[in-house]
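Residue numbers (the UniProt record's numbering), protein chains in the order written: chain A, 1 to 790; chain B, 1 to 210.
Simulated from the structure, these hints should not be mistaken for lab results. None of these values were measured; they are calculated from a predicted model. Wrong hints could be hidden among the right ones.
Think about it this way: if two alpha-carbon atoms lie no more than 30 Å apart in a straight line, the pair counts; the simulated BS3-like pairs of lysine-lysine are [as the list claims (entries may be wrong)]: (1) Lys101/A x Lys79/A; (2) Lys105/B x Lys69/B; (3) Lys175/B x Lys591/A; (4) Lys643/A x Lys104/B; (5) Lys105/B x Lys643/A; (6) Lys24/B x Lys643/A; (7) Lys175/B x Lys32/B; (8) Lys182/A x Lys105/B; (9) Lys509/A x Lys523/A; (10) Lys147/B x Lys643/A.
Residues per chain are reported as follows:
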Amino acid sequence: MNGFLAALKKDMCLFFRKGGLFSLLFPLLLLPLFLFFFRGNSGGLQAFPVSVIDEDETLMSKTLIRQMEEVELFSEVHKISREDISEELEKGSVGVLRIPKDFFYTAYRFQGEPVELILNERRATESAILESVFTSIMKIMEKEQEMSLAVFHTAYGEKLSASEEEELYHRASERLLNSVLKRQLIFQNEEVGANVAFALVMRIASALLFLFLSFISLSMVSAVPEEEKKGIVSRFRQMGGRGFYLSKFLLLLLLALPVLALSLLFLYKAFALSPELLLFFALYYNLSLLSFYLFFWGLFSLVREERLAKNFSVCLIFLLLLFTGRLFSAGRLPFSLARFSPISINAVLLEGLRRGYSPVRLMPFVLPLGLFLLLGILLRFMHSFTEKRSSLEKERVPEKRGLLEKETVFPKRRGFEEDRIRGKQFLMHCLPFPLWRGYILLGRTVGVLLFLLFFLCLGRYAGDKTQEKIAFYLVNEDGGEWSRELLRDLDAEKSLEIRLIPEREKEEKLLYGDKEGVLTIRKGYTGDKEEKGKLLYESGSASLSEMGLREIVAAVVAGEKIERGANDYLSSLLGREIRADEQDLLTKNQKQYKRTSPLYTVRKQNGATREELFSPRREAVYAFLLYFFLFSLASVAGEGEEKRVGARLQSIAGASRRYLIGLFLVFLGISLCFFFALRLDFSFNALLSLLSYTLFLFGFSRFLSVRVLGEGAETGLSLNLGLFFCLSGGAFMDFSALSGWVKYLPYLSPVGLFLKGTEGDLVAPAILLAIGLCTCRSSYDRPMRSPFFL
Amino acid sequence: MEEQICEIRNLGLHYQRGGRAVLKGLSLSFHKGEILGIRGENGAGKSTLLKALAGLLPYGEGEIRFAPKVQKELSYLPQDLSLYESLTAMENLYFYGKIQGLPKKVIFTRATWLLRELGLEEKAGERLSTLSGGMKRRVHLASALMKRPAILLLDEPTVGCDNESYERILSLLRKMKAQGTAMLLISHGRGELEEMADRIVYLEDGKIRE
Chain A
1 MNGFLAALKK
11 DMCLFFRKGG
21 LFSLLFPLLL
31 LPLFLFFFRG
41 NSGGLQAFPV
51 SVIDEDETLM
61 SKTLIRQMEE
71 VELFSEVHKI
81 SREDISEELE
91 KGSVGVLRIP
101 KDFFYTAYRF
111 QGEPVELILN
121 ERRATESAIL
131 ESVFTSIMKI
141 MEKEQEMSLA
151 VFHTAYGEKL
161 SASEEEELYH
171 RASERLLNSV
181 LKRQLIFQNE
191 EVGANVAFAL
201 VMRIASALLF
211 LFLSFISLSM
221 VSAVPEEEKK
231 GIVSRFRQMG
241 GRGFYLSKFL
251 LLLLLALPVL
261 ALSLLFLYKA
271 FALSPELLLF
281 FALYYNLSLL
291 SFYLFFWGLF
301 SLVREERLAK
311 NFSVCLIFLL
321 LLFTGRLFSA
331 GRLPFSLARF
341 SPISINAVLL
351 EGLRRGYSPV
361 RLMPFVLPLG
371 LFLLLGILLR
381 FMHSFTEKRS
391 SLEKERVPEK
401 RGLLEKETVF
411 PKRRGFEEDR
421 IRGKQFLMHC
431 LPFPLWRGYI
441 LLGRTVGVLL
451 FLLFFLCLGR
461 YAGDKTQEKI
471 AFYLVNEDGG
481 EWSRELLRDL
491 DAEKSLEIRL
501 IPEREKEEKL
511 LYGDKEGVLT
521 IRKGYTGDKE
531 EKGKLLYESG
541 SASLSEMGLR
551 EIVAAVVAGE
561 KIERGANDYL
571 SSLLGREIRA
581 DEQDLLTKNQ
591 KQYKRTSPLY
601 TVRKQNGATR
611 EELFSPRREA
621 VYAFLLYFFL
631 FSLASVAGEG
641 EEKRVGARLQ
651 SIAGASRRYL
661 IGLFLVFLGI
671 SLCFFFALRL
681 DFSFNALLSL
691 LSYTLFLFGF
701 SRFLSVRVLG
711 EGAETGLSLN
721 LGLFFCLSGG
731 AFMDFSALSG
741 WVKYLPYLSP
751 VGLFLKGTEG
761 DLVAPAILLA
771 IGLCTCRSSY
781 DRPMRSPFFL
Chain B
1 MEEQICEIRN
11 LGLHYQRGGR
21 AVLKGLSLSF
31 HKGEILGIRG
41 ENGAGKSTLL
51 KALAGLLPYG
61 EGEIRFAPKV
71 QKELSYLPQD
81 LSLYESLTAM
91 ENLYFYGKIQ
101 GLPKKVIFTR
111 ATWLLRELGL
121 EEKAGERLST
131 LSGGMKRRVH
141 LASALMKRPA
151 ILLLDEPTVG
161 CDNESYERIL
171 SLLRKMKAQG
181 TAMLLISHGR
191 GELEEMADRI
201 VYLEDGKIRE
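Isolated chain A (complex conformation) (with noise of 0.2 Å):
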């Protein structure tokens, strides 16, 4: 018992001393952090300003502004000039809407000029809501303009005389407004408000949790490696003391406690959880603290050198964040594969107790986690076998030995063995020194190969520049004929990604949100002319699309309703029903009458083209990777054997200015390494904030290794202020989209810097350059006089 609580002692100090305590007052310090920058109103997506101009000055336009006006999603409508333009992107319109002259007469004879809204890409989220909205409106639009041509043709003949267009203009323009304003009345609930903000929330909480598991128990397993080489088990074991490693678990059980005390807490004001859900939940969280503690004990025991486990793991953890779509964007991976990522699991897990789901219900989403547990099982066992083996190879090597000593006689044998050395030293004569000591940092040839896959991995996760479609499930609860014509007209839409499942299964994707939500048609939709309610759309835990999809869907509803509507409009104009021949000119005309120039056009202004609607720009997913991976790389300043190599070099005249310089390099070689494989744009301004990005990673990491913390001790600190600068600088979310101070927040982060500087701003990289030089420069030991010559 005492060994037990010696090693008890032991585990505490090593897990502090190795920057444990970060890993742990990282949920403390960040998630009050992050709630407070979404809370109420500050958070959410605000109502956001537009402009019009309207040249046309109709009766219509004026309509339509005033309607505009009463959209709860504009704060404000505001009538400017053509000239005017530019200036209103810049003072923060998120669009302009431009009514050409004589737009709406001109429309209903295909001809005029179209529409024209100017999106401000600035405020990319909100762009792209004003953007699914106007399209949305627009192809009513065209619809109605086609129906009306068609049935007025119908009703007139081939020339409609001079009342009769004008008769024409009017009811259609009538018809129109109470299409556009009664659209998204075929959803069943009433509220369409964005459902962004929560959807951000949910990821990053989910991303957080796994983060803050992940690395706790990397934390406690780090010093395993060292522990085992230096034969402090086995002399564990060999006094007498049992538990060496139950009680790194026991430990991280102990110390995780505050932290699930302050989540149950979280979750009991949050969403009113019962007792047994509560249970559930920490049930859950130790599940994955022991999951997580298996794993990593087992990659450290088989890799045996801290260094490259560390890599490998950091690696691992980034691949998952930027692969399962929690995070980032929508996940890259097969939804078979990302179903058993532990930040599924935790975002699936977060929905289903805010849904106030049974355990019982929940217990199978949480099953995935076993894998990790046996992947650390395998892994231990691995190492087991390999120990065991090179033990078995130690007792036999007295026989070998003499083997070898007989066949040094012959000069081939000794020929090898000389190859072998100068094998090893190929490389040393090969490569100039920077990349030799980016080579052995890395962790040699296993090292560079998997930083290679690494880099594959993310070629791949940049490389796939498929246009994003917004992918929903749909559950046809009605079976009729307009279910069934729906169905074919969303399945032709090309944003749109369906796909068809029973009633049954509903809830379980909802759970997963592997796709952004669930549409049921109801039943009764087929032959309900009023069609109120007959929609029914339920968004996924991670949906960022809701109102998008919403107003597509609701336009094609509104389309199709113009077209079944087609025969009451012809038979209201003749005043009588129609006939069978009249029936049948209708049906040629709908064909005949369709729009062949474009009635709108979208541009973009003030900023670069989005690849992605709703994911971050890949320039915040290298800000974010590199600084995670060059923080784990430079945590070798801080190790002791480096510490007095570092000293030593000061001795010699030059030594420590080329090591510093060789060691910039080695980063700047990484930071180009990941520029390429995220197939960043090559431009001035971004090879300008790579620079002053990597120097100020150089420096600041250093500083903190070499002037800051104890040996280990940055592993937990920069994942507090990785997350801390990613959160700040807009590395997960764009922060234009918020309202107030918050989005002035970057300018207070390296990597919001960064993210300036590749925007064009010169200061931001300037601010970088300069913090870069002066952390180099303090972590540059020199001593303050130097000795006199004779």
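Place chain B on chain A using the hints.
Only chain B this time, still in chain A's reference frame:
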């Protein structure tokens, strides 16, 4: 009389402002090719003197004067091993050679010669973590000799060495002396100062006692 290459005058050093003086008005000089032994109790200031000479510690009082170009040809070997355990013996020497700006060809020739002299030729490709304590000490000394030094500051170079390592190290030091390298040698060891040093000084409470 050999040429004087270093002179220390009234050297005074405090680790903290107003704190205890580690070196008090210490004066000393030594010549080309001379081995100066320094002996003293723990905490007498021997390592501090060497660090001050190596330019690693700022000193408050007095002065240290070197002959022209000698300061750039000074090599300091601390007591703690300042080598990378994960690198091989040859890689460690390559690192120290490169960091001193030597060309690759010179580095490999020099490192091979040093390893041969120290009896480690066979161990060149082995990681330091797999070598014995004495072997590590030998590699440590080799790392200080990658660029031929004018002055070699040695802080207990044979501590923890077995007989073979001890003999190899002393033999190499003798060769260096013969080539004109001056040495300042600190040791608590088995009479190596008596065996090697031309002159031995005693350091007591930060002052020299000849």
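Original post:
Can you name, in rising order, the numbers of the hints this structure does not satisfy?
Top reply: 3, 8
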